[in-house]
Amino acid sequence: MSQTTETKETPFKPTSPNSKLDFASVWEYAPAPESTSHVEIKDRYELFIGGKFVKPSKDRYFPTINPANKEVITEFAEATQSDVNSAVKAARKAFKGEWSSLAPKTRGKYLYRIARMLQERAREFAVLESMDGGKPIRESRDVDVPLAAAHFFYYAGWADKLEYAFPGKTPEPIGVCGQIIPWNFPLLMLAWKIAPALACGNTVVLKPAETTSLTALKFAELIKDSGLPDGVVNIITGAGQTGAEMVNHEDIDKIAFTGSTAVGKLIQRSIAGTDKKFTLELGGKGALIIFEDAAIDQAVEGIINAIFFNQGHVCCAGSRLLVQEGVANELIGKLKDRMETLIVGDPLDKNTDIGAINSGQQYDTINSFLEIGLDEGADVYQSKCSIPDTGFFIRPTLLTNVSQSKRVVQEEIFGPVLTVQTFRTADEAIQKANNTPYGLAGGVWTDKGSKVFKVGSGLRSGVVWANTYNKFDPTSPFGGYKESGIGREGGLHGLSAYLTLK
Amino acid sequence: MSEHLEVLKTYKIYVNGNFPRTESGRYYKVFDSEKELLANACLCSRKDVRDAVKSARGAFSGWKSRNAYNRGQILYRIAEMLESRRAEFEKQLSTIGFSAAEAEADVNASIDRLIYYAGWTDKYQQVFGSVNPVASAHFNFSLLDPTGVVAILAPDQSPLLGLVSLIAPAIAGGNTCVALASEPYPTTSILFAEVLNASDVPGGVVNILTGKKEELAEHFSGHMDVNAIIYTDTLTPEMIKMIDEQSTENLKRVVKKITSDWYSSEAQSPYFITDFQETKTTWHPIGF
Numbered sequence: 007m008s009q010t011t012e013t014k015e016t017p018f019k020p021t022s023p024n025s026k027l028d029f030a031s032v033w034e035y036a037p038a039p040e041s042t043s044h045v046e047i048k049d050r051y052e053l054f055i056g057g058k059f060v061k062p063s064k065d066r067y068f069p070t071i072n073p074a075n076k077e078v079i080t081e082f083a084e085a086t087q088s089d090v091n092s093a094v095k096a097a098r099k100a101f102k103g104e105w106s107s108l109a110p111k112t113r114g115k116y117l118y119r120i121a122r123m124l125q126e127r128a129r130e131f132a133v134l135e136s137m138d139g140g141k142p143i144r145e146s147r148d149v150d151v152p153l154a155a156a157h158f159f160y161y162a163g164w165a166d167k168l169e170y171a172f173p174g175k176t177p178e179p180i181g182v183c184g185q186i187i188p189w190n191f192p193l194l195m196l197a198w199k200i201a202p203a204l205a206c207g208n209t210v211v212l213k214p215a216e217t218t219s220l221t222a223l224k225f226a227e228l229i230k231d232s233g234l235p236d237g238v239v240n241i242i243t244g245a246g247q248t249g250a251e252m253v254n255h256e257d258i259d260k261i262a263f264t265g266s267t268a269v270g271k272l273i274q275r276s277i278a279g280t281d282k283k284f285t286l287e288l289g290g291k292g293a294l295i296i297f298e299d300a301a302i303d304q305a306v307e308g309i310i311n312a313i314f315f316n317q318g319h320v321c322c323a324g325s326r327l328l329v330q331e332g333v334a335n336e337l338i339g340k341l342k343d344r345m346e347t348l349i350v351g352d353p354l355d356k357n358t359d360i361g362a363i364n365s366g367q368q369y370d371t372i373n374s375f376l377e378i379g380l381d382e383g384a385d386v387y388q389s390k391c392s393i394p395d396t397g398f399f400i401r402p403t404l405l406t407n408v409s410q411s412k413r414v415v416q417e418e419i420f421g422p423v424l425t426v427q428t429f430r431t432a433d434e435a436i437q438k439a440n441n442t443p444y445g446l447a448g449g450v451w452t453d454k455g456s457k458v459f460k461v462g463s464g465l466r467s468g469v470v471w472a473n474t475y476n477k478f479d480p481t482s483p484f485g486g487y488k489e490s491g492i493g494r495e496g497g498l499h500g501l502s503a504y505l506t507l508k
Numbered sequence: 020m021s022e023h024l025e026v027l028k029t030y031k032i033y034v035n036g037n038f039p040r041t042e043s044g045r046y047y048k049v050f051d052s053e054k055e056l057l058a059n060a061c062l063c064s065r066k067d068v069r070d071a072v073k074s075a076r077g078a079f080s081g082w083k084s085r086n087a088y089n090r091g092q093i094l095y096r097i098a099e100m101l102e103s104r105r106a107e108f109e110k111q112l113s114t115i116g117f118s119a120a121e122a123e124a125d126v127n128a129s130i131d132r133l134i135y136y137a138g139w140t141d142k143y144q145q146v147f148g149s150v151n152p153v154a155s156a157h158f159n160f161s162l163l164d165p166t167g168v169v170a171i172l173a174p175d176q177s178p179l180l181g182l183v184s185l186i187a188p189a190i191a192g193g194n195t196c197v198a199l200a201s202e203p204y205p206t207t208s209i210l211f212a213e214v215l216n217a218s219d220v221p222g223g224v225v226n227i228l229t230g231k232k233e234e235l236a237e238h239f240s241g242h243m244d245v246n247a248i249i250y251t252d253t254l255t256p257e258m259i260k261m262i263d264e265q266s267t268e269n270l271k272r273v274v275k276k277i278t279s280d281w282y283s284s285e286a287q288s289p290y291f292i293t294d295f296q297e298t299k300t301t302w303h304p305i306g307f
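The listed protein sequences derive, respectively, from chains D and E.
Using my numbering, the first residue of the first sequence is number 7, and each one after it goes up by one.
Using my numbering, the first residue of the second sequence is number 20, and each one after it goes up by one.
It is worth saying that the hints were derived from the structure and are not from the lab.
Honestly, I wouldn't trust all of these hints.
[To be verified] With a Cα cut of at most 20 Å, we get these calculated SDA-like pairs of lysine to any residue: (1) Lys283(D) <-> Val150(E); (2) Lys477(D) <-> Lys142(E); (3) Lys457(D) <-> Lys275(E); (4) Lys110(E) <-> Val150(E); (5) Lys230(D) <-> Ile393(D); (6) Lys282(D) <-> Arg76(E); (7) Lys111(D) <-> Phe159(D); (8) Lys271(D) <-> Val150(E); (9) Lys460(D) <-> Asp263(E); (10) Lys276(E) <-> Glu233(E); (11) Lys356(D) <-> Ile393(D); (12) Lys142(E) <-> Lys111(D); (13) Lys276(E) <-> Ala278(D); (14) Lys460(D) <-> Lys260(E); (15) Lys275(E) <-> Leu507(D); (16) Lys260(E) <-> Ile79(D).
[To be verified] Some chain E residues near chain D, calculated using beta-carbon distances under 8 Å: (17) Val146; (18) Thr255; (19) Ile305.
Built from N, CA and C at the ideal position, the CB exists for glycine as well.
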């Protein structure tokens with residue numbers, strides 16, 4: 007979006023049938039920023055342990071910035087080993103004490119209460135999520151927060167029905183769960199982790215990502231308000247070292263991690279030889295397969311949603327476009343046109359389609375992948391939209407002229423960057439789609455139902471979206487094949503990660 | 020009547036539907052319960068593991084695409100073949116110290132186990148798959164999909180029933196596997212390959228090697244084309260750590276189900292099938 011708000015006098019007049027709509031210069035949207043006035047942000051946030059906010063033992067804090075303007079929002083406590091110890095101790099005490107003796111339906115009622123409180127404060131959480139993480143308010147308001155509440159509602163109902171989930175087995179809680187979540191969906195990932203863990207009768211120590219801890223600490227306030235017994239949920243902040251202390255802690259029974267494949271492997275390695283259970287939700291390189299018989303305009307919308315949702319900071323993002331040769335030119339042309347209409351800018355503006363890259367580090371990573379793409383001979387197409395001068399912004403990007411073995415095709419970029427390849431037969435598409443170490447998600451666009459089933463069953467990935475992409479729901483199991491992870495979250499399948507089946 | 024000199028059988032390994040010797044040319048001595056030499060068995064090497072995994076990978080897509088009914092028929096056929104050769108297996112088991120009654124019970128249990136899993140092939144999907152009631156205009160369902168190539172470290176002390184109890188659920192669910200036979204009693208285990216070979220199981224779906232767990236476990240756990248590994252014996256802490264660590268390289272699913280009582284009801288369960296399944300969730304919009 008252009009920075010000027012002045013409207014043009016002349017209305018748009020098509021001059022030929024091939025004229026394109028030029029949103030940037032003809033139809034300006036007036037800025038529509040979401041107000042932040044009633045959102046309260048403290049100067050500093052402490053750790054939430056045993057139902058209380060406590061100072062970190064070493065008295066160290068680190069700042070968090072708004073990636074859209076690089077201004078410091080607040081600061082978080084850095085939890086060191088002794089803080090991790092006290093959090094685990096609080097969780098263990100709660101597990102042995104009040105929490106395990108509660109009637110399952112009461113456990114469920116706490117979760118219902120949390121779900122409702124989250125809905126009541128939805129706007130506050132959405133604003134904070136966009137300020138801290140850089141995602142468009144449209145997404146945090148319409149996707150992240152409602153889905154997070156929906157997860158609590160969904161798992162609340164399981165608390166007293168667990169014996170129906172696993173035929174022939176008696177489910178028992180595991181104990182203390184250490185949960186480490188990423189920066190791309192801070193509140194949603196918190197809900198994915200905490201809701202099923204609590205429904206199954208476990209207690210948790212959760213560590214949000216260091217760049218996006220704000221909503222987790224707001225959530226800690228909400229936990230306090232909900233009256234949940236002390237120590238059932240503990241939230242500690244810090245970076246990788248804090249996470250490592252959790253992973254290596256002897257009194258944690260289970261590690262649940264969502265993040266990069268590299269860190270997932272490190273975690274699996276450091277708990278090797280122990281009895282700790284673990285689930286890993288890791289990276290991906292999702293393929294979008296567009297057949298000639300697909301509804302092309304709908305496919306274009308699907309692609310836009312697949313790769314540019316949350317700036318492409320999505321582990322299941324559709325980052326590899328595979329398009330059947332006959333429609334490649336038409337589709338790519340339409341895709342470029344559609345990309346030109348995307349508005350990149352202030353995350354808090356309700357018109358914004360693509361917000362800020364989450365951190366300086368990720369901004370550099372994405373740019374270095376663009377360099378790699380150029381070195382590998384790729385053609386780079388970027389939307390001509392204007393982007394703000396301050397903050398971390400990257401224009402929606404297409405990389406064409408790439409082949410299967412290139413790094414930009416094989417490795418996860420985690421940004422608004424789509425590679426484009428073509429294929430001739432369905433078998434070739436399936437082969438190319440499966441030809442990465444990942445197996446998290448894939449998308450198929452075709453008008454033919456039988457083709458959807460054939461191609462979908464050939465994809466080695468935990469999620470297949472047919473004629474749609476990036477849809478989530480608490481009732482649906484989500485997770486990866488191959489190096490995209492181990493275990494499932496969501497649905498009744500997601501319960502098994504938090505139970506011992508006897 | 021002239022005296023009949025018994026033909027001693029030379030045991031080989033089972034890879035890709037064939038019975039080759041180990042490429043290593045090495046062997047180890049196998050003794051009966053009287054400590055008498057029973058046979059020489061192949062001492063497989065890393066190359067044998069690689070060949071077997073390659074064959075299992077090659078067979079995977081064909082086996083996984085067989086329909087559930089057909090996989091059930093083939094599992095039942097294995098049971099039929101085992102039944103028809105029960106005398107041979109009972110004799111084999113007696114050489115390693117099973118009493119006649121024990122040997123008979125072991126063969127019976129092995130046959131029953133195969134039939135148990137034959138019956139599950141077309142049911143586990145119905146029990147463990149789901150249609151998910153999402154809050155949007157989509158049809159959305161979760162199916163189980165086999166994880167791929169499974170490495171099986173078969174139990175030492177149960178050369179037939181233990182082996183069958185691990186192979187059957189893996190292949191019932193559409194996986195292919197490479198099993199390392201019981202180290203002290205490989206002859207009964209490798210004899211089972213002849214049953215498989217006569218049972219319409221496509222070549223490569225089950226591969227059976229003989230040799231030392233101590234030596235070969237790391238080649239299974241470190242192999243980038245093995246998707247899961249299972250063991251049921253109590254292993255040394257060093258070995259467990261090694262398997263866990265090596266498995267991180269390609270995020271192998273490591274399944275530990277420590278048991279020594281293969282007759283117990285806990286030794287058979289549809290959850291042995293789901294151990295080697297991935298859940299795939301498919302979404303499709305609903306509309307005109």
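Verification of the supplied hints:
The hinted pair formed by lysine 283(D) and valine 150(E) fails the criterion: a straight-line CA distance of about 27 Å is larger than 20 Å. Distance hint between lysine 477(D) and lysine 142(E) is unfulfilled; the C-alpha atoms sit about 29 Å from each other, more than 20 Å. Distance restraint check for lysine 457(D) and lysine 275(E): the Cα-Cα separation of roughly 38 Å exceeds the 20 Å cut-off, and the hinted pair is therefore not satisfied. Distance hint between lysine 110(E) and valine 150(E) is unfulfilled; the C-alpha atoms sit about 49 Å from each other, more than 20 Å.
Distance hint between lysine 230(D) and isoleucine 393(D) is unfulfilled; the C-alpha atoms sit about 40 Å from each other, more than 20 Å. For the hint linking lysine 282(D) to arginine 76(E), the alpha-carbon distance of about 30 Å lies beyond 20 Å, and the restraint is violated. Taken as a hint, the lysine 111(D) and phenylalanine 159(D) pair is honoured in the structure, with Cα atoms around 13 Å apart against an allowance of 20 Å. For a cut-off of 20 Å, the pair hint linking lysine 271(D) to valine 150(E) is broken: about 32 Å separates their Cα positions.
Restraint check for lysine 460(D) and aspartate 263(E): the C-alpha separation of about 35 Å exceeds 20 Å, so the hint is violated. A distance of roughly 18 Å separates the Cα atoms of lysine 276(E) and glutamate 233(E); the hinted pair therefore holds under the 20 Å criterion. Proposed proximity of lysine 356(D) and isoleucine 393(D) is supported: the alpha carbons are some 16 Å apart, at most 20 Å. Taking the CA atoms of lysine 142(E) and lysine 111(D), the gap is near 32 Å; set against the 20 Å cutoff, the hint is violated.
As the CA atoms of lysine 276(E) and alanine 278(D) are separated by approximately 16 Å, the hinted pair is consistent with the 20 Å bound. Taken as a hint, the lysine 460(D) and lysine 260(E) pair is broken in the structure, with Cα atoms around 40 Å apart against an allowance of 20 Å. A distance of roughly 14 Å separates the Cα atoms of lysine 275(E) and leucine 507(D); the hinted pair therefore holds under the 20 Å criterion. Taking the CA atoms of lysine 260(E) and isoleucine 79(D), the gap is about 44 Å. The hint is violated against a cut of 20 Å.
For valine 146(E), the shortest C-beta to C-beta distance to chain D is roughly 6 Å, which falls under 8 Å, so the interface hint holds. The closest approach between the C-beta of threonine 255(E) and any C-beta of chain D is roughly 10 Å, which is over the 8 Å cut-off, so the hint fails. A distance limit of 8 Å between C-beta atoms decides the matter here; for isoleucine 305(E) the minimum to chain D is near 10 Å, and the interface restraint is violated.
The earlier numbered hints that this structure contradicts are 1, 2, 3, 4, 5, 6, 8, 9, 12, 14, 16, 18, 19.
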